[in-house]
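Undergrad: All chains, please: the whole structure from these sequences, using the hints.
If you read the protein sequences in the order shown, they are chains A, B, C, D, E, F, G, H, I and J.
For the first sequence, position 59 matches number 122 in this note's numbering, and the numbering has no gaps at all.
For the second sequence, position 115 matches number 178 in this note's numbering, and the numbering has no gaps at all.
For the third sequence, position 111 matches number 174 in this note's numbering, and the numbering has no gaps at all.
For the fourth sequence, position 96 matches number 159 in this note's numbering, and the numbering has no gaps at all.
For the fifth sequence, position 95 matches number 158 in this note's numbering, and the numbering has no gaps at all.
For the sixth sequence, position 51 matches number 114 in this note's numbering, and the numbering has no gaps at all.
For the seventh sequence, position 32 matches number 95 in this note's numbering, and the numbering has no gaps at all.
For the eighth sequence, position 47 matches number 110 in this note's numbering, and the numbering has no gaps at all.
For the ninth sequence, position 97 matches number 160 in this note's numbering, and the numbering has no gaps at all.
For the tenth sequence, position 64 matches number 127 in this note's numbering, and the numbering has no gaps at all.
A couple of the hints might just be wrong.
To be verified - Listed below are several chain C residues computed to face chain E (Cβ distance under 8 Å; list not exhaustive):
hint : residue
1    : GLU140
2    : SER141
3    : ASN144
4    : ARG168
5    : GLY169
6    : GLY170
7    : ILE171
8    : SER172
9    : THR173
10   : ILE174
11   : LYS176
12   : VAL177
No lab work stands behind these hints, which were simulated from the structure alone.
Since the model is a prediction, treat every value here as computed from it, not as a measurement.
Note that the Cβ used here is the ideal one computed from N, Cα and C, for glycine as well.
10 protein chains.
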Amino acid sequence: MENEPTKNDLEIVPNEYEETDYEVNVSIPEFNCICPRTGLPDFATIKINYIPNKYIVELKSLKLYIVKFRNMGIFHESATNKIFKDFQKSCNPKQIEVIGEFGARGGISTIVKVNSK
Amino acid sequence: MENEPTKNDLEIVPNEYEETDYEVNVSIPEFNCICPRTGLPDFATIKINYIPNKYIVELKSLKLYIVKFRNMGIFHESATNKIFKDFQKSCNPKQIEVIGEFGARGGISTIVKVNSK
Amino acid sequence: MENEPTKNDLEIVPNEYEETDYEVNVSIPEFNCICPRTGLPDFATIKINYIPNKYIVELKSLKLYIVKFRNMGIFHESATNKIFKDFQKSCNPKQIEVIGEFGARGGISTIVKVNSK
Amino acid sequence: MENEPTKNDLEIVPNEYEETDYEVNVSIPEFNCICPRTGLPDFATIKINYIPNKYIVELKSLKLYIVKFRNMGIFHESATNKIFKDFQKSCNPKQIEVIGEFGARGGISTIVKVNSK
Amino acid sequence: MENEPTKNDLEIVPNEYEETDYEVNVSIPEFNCICPRTGLPDFATIKINYIPNKYIVELKSLKLYIVKFRNMGIFHESATNKIFKDFQKSCNPKQIEVIGEFGARGGISTIVKVNSK
Amino acid sequence: MENEPTKNDLEIVPNEYEETDYEVNVSIPEFNCICPRTGLPDFATIKINYIPNKYIVELKSLKLYIVKFRNMGIFHESATNKIFKDFQKSCNPKQIEVIGEFGARGGISTIVKVNSK
Amino acid sequence: MENEPTKNDLEIVPNEYEETDYEVNVSIPEFNCICPRTGLPDFATIKINYIPNKYIVELKSLKLYIVKFRNMGIFHESATNKIFKDFQKSCNPKQIEVIGEFGARGGISTIVKVNSK
Amino acid sequence: MENEPTKNDLEIVPNEYEETDYEVNVSIPEFNCICPRTGLPDFATIKINYIPNKYIVELKSLKLYIVKFRNMGIFHESATNKIFKDFQKSCNPKQIEVIGEFGARGGISTIVKVNSK
Amino acid sequence: MENEPTKNDLEIVPNEYEETDYEVNVSIPEFNCICPRTGLPDFATIKINYIPNKYIVELKSLKLYIVKFRNMGIFHESATNKIFKDFQKSCNPKQIEVIGEFGARGGISTIVKVNSK
Amino acid sequence: MENEPTKNDLEIVPNEYEETDYEVNVSIPEFNCICPRTGLPDFATIKINYIPNKYIVELKSLKLYIVKFRNMGIFHESATNKIFKDFQKSCNPKQIEVIGEFGARGGISTIVKVNSK
Chain A
64 MENEPTKNDL
74 EIVPNEYEET
84 DYEVNVSIPE
94 FNCICPRTGL
104 PDFATIKINY
114 IPNKYIVELK
124 SLKLYIVKFR
134 NMGIFHESAT
144 NKIFKDFQKS
154 CNPKQIEVIG
164 EFGARGGIST
174 IVKVNSK
Chain B
64 MENEPTKNDL
74 EIVPNEYEET
84 DYEVNVSIPE
94 FNCICPRTGL
104 PDFATIKINY
114 IPNKYIVELK
124 SLKLYIVKFR
134 NMGIFHESAT
144 NKIFKDFQKS
154 CNPKQIEVIG
164 EFGARGGIST
174 IVKVNSK
Chain C
64 MENEPTKNDL
74 EIVPNEYEET
84 DYEVNVSIPE
94 FNCICPRTGL
104 PDFATIKINY
114 IPNKYIVELK
124 SLKLYIVKFR
134 NMGIFHESAT
144 NKIFKDFQKS
154 CNPKQIEVIG
164 EFGARGGIST
174 IVKVNSK
Chain D
64 MENEPTKNDL
74 EIVPNEYEET
84 DYEVNVSIPE
94 FNCICPRTGL
104 PDFATIKINY
114 IPNKYIVELK
124 SLKLYIVKFR
134 NMGIFHESAT
144 NKIFKDFQKS
154 CNPKQIEVIG
164 EFGARGGIST
174 IVKVNSK
Chain E
64 MENEPTKNDL
74 EIVPNEYEET
84 DYEVNVSIPE
94 FNCICPRTGL
104 PDFATIKINY
114 IPNKYIVELK
124 SLKLYIVKFR
134 NMGIFHESAT
144 NKIFKDFQKS
154 CNPKQIEVIG
164 EFGARGGIST
174 IVKVNSK
Chain F
64 MENEPTKNDL
74 EIVPNEYEET
84 DYEVNVSIPE
94 FNCICPRTGL
104 PDFATIKINY
114 IPNKYIVELK
124 SLKLYIVKFR
134 NMGIFHESAT
144 NKIFKDFQKS
154 CNPKQIEVIG
164 EFGARGGIST
174 IVKVNSK
Chain G
64 MENEPTKNDL
74 EIVPNEYEET
84 DYEVNVSIPE
94 FNCICPRTGL
104 PDFATIKINY
114 IPNKYIVELK
124 SLKLYIVKFR
134 NMGIFHESAT
144 NKIFKDFQKS
154 CNPKQIEVIG
164 EFGARGGIST
174 IVKVNSK
Chain H
64 MENEPTKNDL
74 EIVPNEYEET
84 DYEVNVSIPE
94 FNCICPRTGL
104 PDFATIKINY
114 IPNKYIVELK
124 SLKLYIVKFR
134 NMGIFHESAT
144 NKIFKDFQKS
154 CNPKQIEVIG
164 EFGARGGIST
174 IVKVNSK
Chain I
64 MENEPTKNDL
74 EIVPNEYEET
84 DYEVNVSIPE
94 FNCICPRTGL
104 PDFATIKINY
114 IPNKYIVELK
124 SLKLYIVKFR
134 NMGIFHESAT
144 NKIFKDFQKS
154 CNPKQIEVIG
164 EFGARGGIST
174 IVKVNSK
Chain J
64 MENEPTKNDL
74 EIVPNEYEET
84 DYEVNVSIPE
94 FNCICPRTGL
104 PDFATIKINY
114 IPNKYIVELK
124 SLKLYIVKFR
134 NMGIFHESAT
144 NKIFKDFQKS
154 CNPKQIEVIG
164 EFGARGGIST
174 IVKVNSK
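TA: Take a look at the structure:
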């Protein structure tokens, strides 16, 4: 339990360009979690697009946060929504979108997109 | 007859993130039905993009629903519209789009797009 | 003369889903006509995107209509506009766009786009 | 049973260019059969490359032969080997290769290649 | 001097479909001019997108007009703007966009886009 | 009849580099003929790869030769073999290969390859 | 320890076409193991190409065998060689090649190829 | 210190087409700087899209300005924002967007986008 | 006349690694010459692959040599063979291949390949 | 001087699979050095393909070795040959190939390939 990813895993650093609205696109092709039904691993690419407010998220901590999902049983929709919420709570961006592109299961592939508006 | 796909084939599960408007994109490259004129099989990729309301559609049941089309005589326009309606009735999404991309026949390929607005 | 394509070559069938606004995209990569200046054949891909009203155009008849252009002397702009008008008159769609993508001549390739708005 | 594909479904026509060794490559992206374990449909692209001898296989009959596999329970290796043998018996080509490229199952995709040497 | 391209090189022909607003996209991948600084040739693809008014530009004359740039010393911005102005003066289109995509120089590639609005 | 393509349509010019064995690859994406069964046009890309001997084939005449096929009823295998033989007789190359890549019919696409060895 | 993948995890089934030499290409894009230095997960695509002898490897068991690597600390070269050896011992193929394509680390990506000759 | 890139490195030349609003897209795939944490080089493609006002930036000076980053310790966000500000101060464009596409680090790739609105 | 490209335009420098057989591949996408029949410019990509002997060709001089072709009337076969011979005479490589990939004329594109064996 | 890359920068580790001939392909897209003529940076992708003997090269040390080139003045041919020799001396592989793919300069791009045979 104590090993699960939480918003506290995401280290934040002050945004030096807070006065400008600029966008950061982060792409993480090596996401891994466990399907709660089959117990088999699910692979995905996670994309996070955000407009920083007072803070940006440090990339090394983001990587370690993402790695913590790999032995966690979680559905596609939940994983994407959880990353969205953790990221939002940690650095409170002006805008944010999280996209989870999951590999095919039974010939069906799924993309989940959550964004603040 | 009793073997034809109906909205009841689509199992629904509660949407845990009902308060957020998020999008789910499902892509099914292995759709198969029968051309009512020639009796020959038609191949398509079906794409379903929706914003869940109170329910999401369970993927395994969606797969079995799709498989039921393979021995059914149905036109391109009808197949796409039927999936649209069955999906809508089953989980009543906030928004939905169904796209059927059909393989070429006589050198002509066809895409049918239905969406709620 | 009597062999030229006309709107009457396009067979129409009732649209079973008239109450929904859905889009049909038809792609015909094997269009052929004659350049009125050089007498040499011109090759194109014709794309027809429309929102059906009371009728949809039957694909087999569309194919035979398109084949009739192959010995007809006609300019790029005229061929695309003629298909647009014939299609419009035959099934009176809610919206329609016709795109002709013509192969390079003298190192210059041309696309013609006509749409109802 | 009587509905299963056999070599007799493949119509042959005399090869007018028997004296030249030329190659014919046929690609059939719309192959469908049934997985004997799960009962679910398997999708594949079948490629047949051969050097005709006294006969070539007529394409329309090849298509109908291929369509007969769609309700037949058969493994990937068996389907590819069966097509190889039926084709060989029907037109006795100088050389032949059959390739079956099957869609992913459980995240694993398979290609089977059989050839005469 | 008398060999430089001018608007008079562009032959115009009446637009038979003046009443419809349709778009013509012309792509010319073989543009060549001389860099005024180095004296070396610059290569580009020129794209012209316009909505014809009373006239369309004849393609053969457009080709010869373009060829006249090949020994002319002219900067990227100027070449694209000159084509824009010459085209506008010659056929007075309802709308026009000219795009010059120039090959890399010193590892930097440049695109210039001019349009009427 | 007198309008059918023959080897005499292919103009030859002396090969200035006869002493070197060099290869010429010609690609003609706009081939058109008539299917003898359906009467409908067939589209193909024709590729000719040869090592010239005393003569090379002039490209303009090759184009006009190819255009002559467009109203001729001929099978895929025959068209490719005929071009092979006509080319061989006209310029007697050291080596030659002719490839005909035909568009899909009934979901099956065909490539025919003939070469001298 | 007892959880590590071994050759016994690979189920074999009799090869019905033992008399023909045919090739099977298996592609597994979702391989995962642990880097022994950093403790972080490594992602790879594993490709197995083999000519079956008396047995073929059953795909479901292959998948479960592959999944067992995901919490195992192992280097790129060792993982690929281990799969090669386990596969060889389990079904003793006439020929076999195993390719491990590993994702970039520090901007360097690595491919390991082992084959029997 | 005196070697660091500044807005004064960017030479400007008068914009001859000031009266027209046209866009210039510059793409620089060979950007290099130093990661302040690891001391290792970071690689990026920098894209600058702007609508010139009274001046355009001379490309040779832009190249030399960009080269000055290669031994400078600077974060992704800072590098992109600095180029944005230097460019803005130097030629005061009507509109400007700067995009930095950075190569993957630890399997995560980052894009930073700054624009004036 | 004195302006035509000759082997003397190709500057050579000593090959420091003469004892190793290594290959150099040079690709020049911006070749330009004049068609002797139509007087219009022809565009090509020239590729030179060689194994240096005692000398390598300096790239700046190669570029200037290539530029000299742009106002010269010369056929595709001749241009490729001339570059082959000039390069061979200038640096006498252990092996050399020259490939000229010419843009489409009348819908036909041509590649000429010359190599020493 | 003492900062230049040497074979001693390449750490080696024992090859556990010395008895099998297997291939390792390493791809390094972020190579950087200085052009000795212009003083400007040159960018390349370096590919190293080798069959290990008693040792393999450790990747982290390879990365640091490669980074040392970035402020070194060296020609394309020399850089590729130097890496080839350093690698060969450090781990004495059974076979090795080094490929340097350098970015375009003056519109000409160069690939250098060295291999042991």
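Undergrad: Against this structure, judge whether each hint is valid.
TA: Now for the hints, and whether the structure bears them out:
1. GLU140: With Cβ-Cβ at 6 Å, under 8 Å, it holds.
2. SER141: With Cβ-Cβ at 6 Å, under 8 Å, it holds.
3. ASN144: With a minimum Cβ separation of about 5 Å from chain E (threshold 8 Å), the hint on C/ASN144 holds.
4. ARG168: 7 Å, holds
5. GLY169: Nearest chain E Cβ about 5 Å off; hint holds.
6. GLY170: 5 Å, holds
7. ILE171: 5 Å, holds
8. SER172: Status holds, d = 5 Å.
9. THR173: 5 Å, holds
10. ILE174: 4 Å, holds
11. LYS176: With a closest approach of 4 Å, the C/LYS176 hint holds.
12. VAL177: Status holds, d = 4 Å.
Of the numbered hints stated above, none is contradicted by the structure.
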